[in-house]
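With chain F held as given, fit chain L onto it using these hints.
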Amino acid sequence: MQLTQRAKQVDRRPMTFVESLYLWNIAKGMWITFTHLFKKRPTINYPEQTRSFSKVFRGLHVLNRDAEGRENCTACGLCAVACPAEAITMEAAERLPGEENLYREEKYAAKYEINMLRCIFCGLCEEACPKDAIYLSQTFAPANYGRKGFIYKKDELLIPHPVNDPQGYQKAREEKSGKVK
Amino acid sequence: MLLNIYIDWAFVLEKFLLVAVIVTLSLVIAMYTTYAERKVAAWLQDRRGPNRAGPFGLLQPLADGGKLFFKEEIIPLASSKFLFILGPSLAMITATLTSAVIPWGTSLHLFGRDISLQIADVNIGILYIFGVVSLGVYGIMIGGWASNNKFSLLAAIRGASQMISYELAMGLALIALLMMTGSLQMSVIVKNQVANGWHIIYQPLGFLIFFVCALAECNRTPFDLAEAENELNFGYHQEYSSMKLGFYLFAEYINMFISSAVMSTLYFGGYDIPFVNEAAWNIDANLLALIGFAVLMAKTFFFLFVFLWIRWTIPRFRYDQLMNLGWKKLIPLALINMVVTAAVILWLKK
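Chain order of the listed sequences is F and L.
Here numbering that gives the first Met the number 0 is used: the first residue of the first sequence is 0, the next is one more, and so on.
Here numbering that gives the first Met the number 0 is used: the first residue of the second sequence is 0, the next is one more, and so on.
Just so you know, these hints were derived from the structure itself, not from any lab.
It should be emphasised that the depicted structure is a prediction, and the values quoted were computed from it without experimental measurement.
Glycine included, every Cβ here is placed at the ideal spot set by N, Cα and C.
Stretches of chain F that chain L covers, calculated by requiring three or more beta carbons in the stretch to come under 8 Å of a beta carbon on chain L: (1) 24 to 38; (2) 41 to 51.
In silico EDC-like pairs for lysine to aspartate or glutamate, Cα to Cα no more than 16 Å straight-line: (3) 327/L / 18/F; (4) 38/F / 45/L; (5) 328/L / 18/F.
The shape of chain F in the complex, shown without the other chains (with noise of 0.2 Å):
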């Protein structure tokens, strides 16, 4: 009874001479190595060159400031109920006066970690947060030696400042997720 439709039938008819010789079939199979000498090689030299991703490809997590260079985040945590994976972890806490220039609003995250081993990437804390206060980038997450390197602080995630690294600033915008260059 045949199992599959793609069943062989095993060739088991003794070798010819000129097989058991090897020769004749041996040059065959050198001459199609020997052509691949030729082709293209697919590989990327990866650190110098890479591929580029696709537009909405989403990665690394920036936390966002606003023109002046104060932190759009106002800690209301919709992102970290909207995770799915449960990677963001953050404590609030009240702008003291004199912190206008550093923070928006009147309340502000102290704290902001995101377990990048957690993340999958959705993308859903974007899409949760009302203050455009963390986006995806489309860099991801490099190596690192050990687990607690993988939970991303905020000295990590935020944005470089508008006003004192403003190339920065720009070069971090350009590789948000989902704009179109």
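What follows is chain L alone, placed relative to chain F:
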């Protein structure tokens, strides 16, 4: 005076320099054959190969060698230590010894002296090569035995029996060649080819048998059953580590280089430049000798490439197939080749 022997110091110095140059050269070429092996393997498989250490990865062999030197050296407690160290040393020594009788070119005229580019033009050149190559079996056998590991021993026995069986066919193929030249001297064999055309024209079958046997002698794919690195995790050098392992692997590459040089010398005219009569050129003899050397190197590198090419094309033979091919195909073919050559030579002489 009995002890008043005249020593030609210039001769001693000249030979010493030549030995140093040839050994260094074969070591460097063997080193870069490891690089070429990886590059060719990559190209045949549509990859790029090593390209990180230095430009085009050219420093890769140095990195590999350095790594091997810094690896921990493990000598198994139950091994016999003397033989364990002797094994790789023997493999290395026999690999470098064979280069002595290969004529690397005609002679140079320097400082009023005629310096032959052959270290020792002995009249038993080929026999010497055979003798030294068969000593190479001891490197494998002693290594496998001294490791005190039954799998090493089994692999060593397999390797030894393979080398011995293929030496027979190799020798028989050579007899036909020797009947044509009438000499075992390597320089005479090359001169005969310069005068009468390359031996490959007269002995294609003999060359084929010789080539297949050379593959088997060097333990190269498709006859690398002594190592079979991807199925029997290593073979006779299973217990070796650090540079001792490196010596075994390195000796194999030197053997490849030497056997390529021997094949070019015996069948492809040695330092003879193809399709031209270089004796009619009116150029400096020294320059001609260097060109001849370069030509021999080009032929050798071609054979080295074929060695690599075959390795990355053909799968390994099964052991019974190996023995069948050796004893039931190659030896009868070599015998027929020998008899036919002898008959033709007799007929031509009549």
